[in-house]
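Protein chains: 2
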Amino acid sequence: MSPKLEVCLTPALIPLYNVEEYVVVVIDVFRATTSICYGIENGAEAIIPVSQVEECSAYREKGLDYLLAAERNGEVVDGFDFGNSPFSYTKEKVAGKTIVLTTTNGTHALHLSRSAKKIVIGAFINLTTICNWLKQQNENVLLVCSGWKNNFNLEDTLFAGAVVEQLKGSGFVVDDPAIAANDLYQIAKDDPDAYLKKTSHSERLKALGIEADIEFCLKVDLTTAIPVLDRERLVKLQ
Amino acid sequence: MSPKLEVCLTPALIPLYNVEEYVVVVIDVFRATTSICYGIENGAEAIIPVSQVEECSAYREKGLDYLLAAERNGEVVDGFDFGNSPFSYTKEKVAGKTIVLTTTNGTHALHLSRSAKKIVIGAFINLTTICNWLKQQNENVLLVCSGWKNNFNLEDTLFAGAVVEQLKGSGFVVDDPAIAANDLYQIAKDDPDAYLKKTSHSERLKALGIEADIEFCLKVDLTTAIPVLDRERLVKLQ
Chain A
0 MSPKLEVCLT
10 PALIPLYNVE
20 EYVVVVIDVF
30 RATTSICYGI
40 ENGAEAIIPV
50 SQVEECSAYR
60 EKGLDYLLAA
70 ERNGEVVDGF
80 DFGNSPFSYT
90 KEKVAGKTIV
100 LTTTNGTHAL
110 HLSRSAKKIV
120 IGAFINLTTI
130 CNWLKQQNEN
140 VLLVCSGWKN
150 NFNLEDTLFA
160 GAVVEQLKGS
170 GFVVDDPAIA
180 ANDLYQIAKD
190 DPDAYLKKTS
200 HSERLKALGI
210 EADIEFCLKV
220 DLTTAIPVLD
230 RERLVKLQ
Chain B
0 MSPKLEVCLT
10 PALIPLYNVE
20 EYVVVVIDVF
30 RATTSICYGI
40 ENGAEAIIPV
50 SQVEECSAYR
60 EKGLDYLLAA
70 ERNGEVVDGF
80 DFGNSPFSYT
90 KEKVAGKTIV
100 LTTTNGTHAL
110 HLSRSAKKIV
120 IGAFINLTTI
130 CNWLKQQNEN
140 VLLVCSGWKN
150 NFNLEDTLFA
160 GAVVEQLKGS
170 GFVVDDPAIA
180 ANDLYQIAKD
190 DPDAYLKKTS
200 HSERLKALGI
210 EADIEFCLKV
220 DLTTAIPVLD
230 RERLVKLQ
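So the sequences go chain by chain: A and B. Numbering that gives the first Met the number 0 puts the first sequence at residues 0 to 237. Numbering that gives the first Met the number 0 puts the second sequence at residues 0 to 237.
Pulled out of the complex, with its shape left as it was, chain A reads as follows (with noise of 0.2 Å):
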């Protein structure tokens, strides 16, 4: 039988699916996802999502040698290590590391999606590493969008319509919400920052001054690390 490739466009929608049939690509674009693809291709050892800043810290008790990215209304937090740029994450300051990571969307999604044959994590960065090797599985894909407070949102979307476009000649049966990202991608590919711009998402962005963020969160194949959760950490997928 074909296998599936289907497109969870909210974490709330999660419980529909039978999550341990699939493998799980995690997508929170903006900017979890990408720090962490990044992260890991610079060599971390491992990272550790967690939603609060709270649980963040009570890693800084632990004793040992965490680096702790958190921020708040685009500012990293006082006593913290640096925030959710993407730009935090260059060898220098990851290799060897294991880092604690701030982030709420990115976090639960991962959380609802535990039963999972196996969990990924995708972002435009790794885009074609993480499509080879899903055709390779032989098993359901499930693309599961992080999106912005449980409701759906277009920037996951779009990633979610590019794997979708990258797999659609393998053989995979899609379900609608894979069609509809797909055809959000086609109107997008060409120029997903100005496509991007239409939403409100991104006035918010802008106010936070992560212009430069967003510019490398939509950059293709800069990375060849696949990030695989093992229990609670995202280590590099051998």
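No wet-lab data here; the hints were simulated from the structure. Hints should not be assumed to be uniformly reliable.
Facing chain B, a subset of chain A residues (Cβ under 10 Å, in silico) [said to hold, decoys possible]:
(1) Gln135
(2) Asp174
(3) Ala179
Backbone N, C-alpha and C define an ideal beta-carbon position, used for all residues, glycine too.
Position chain B relative to chain A; hints supplied.
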């Protein structure tokens, strides 16, 4: 402040909205809301949507002059007056009658929207009428797609996108799902029937032998009645 125009892509996402701040349009294009619009246009006194065949048949026992509509797998259920085809809702059959209509997805969406300022029913057959009415309300508008088993479907999203198309010049603030729905509508609008043939749902409908129903459900502006919820009954908006 400008009113909002937002799209709730599935009933599962309704709890994310403060529904009481919106006029809600419930959408279940194939076929419940099309049949409801057509029935109210043709003089039905009221239409009562229920989710289970058993609830529907309970009305028989109330001894009043109800018409009961229920089908399973595309066939009228034994002992019922008709199924869910809009062609059953002609003047000859429905004028002056109250109809109890079994519709799982649509009833679910109506139930979860019940605290809205007002709930009206939309379908392609009353598209322009409902858009003109919405423009006059000066209220936040939430377009609720009934979807399929709590998940996203393309046909309801396309209708939402058609409403956004007519309203977007009228000063509403739109959200990401509204942008996405409108963009999908742009792709599909020249031939929505062909567009929807891409979907798996289309195969399911074809298997039910209701292609003529589908063609009817995609016709635009056949009617001018707006069904509105009055307690548990849908009646003609005066």
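Now the hints, each set against the structure:
1. Of the supplied interface hints, the one on A:Gln135 is violated, with its beta-carbon coming no nearer than about 25 Å to a beta-carbon of chain B, more than 10 Å.
2. About 7 Å separates the beta-carbon of A:Asp174 from the nearest beta-carbon of chain B, less than 10 Å, and the hint is met.
3. Against a cut-off of 10 Å between C-beta atoms, the interface hint on A:Ala179 holds, since the closest Cβ of chain B lies about 6 Å away.
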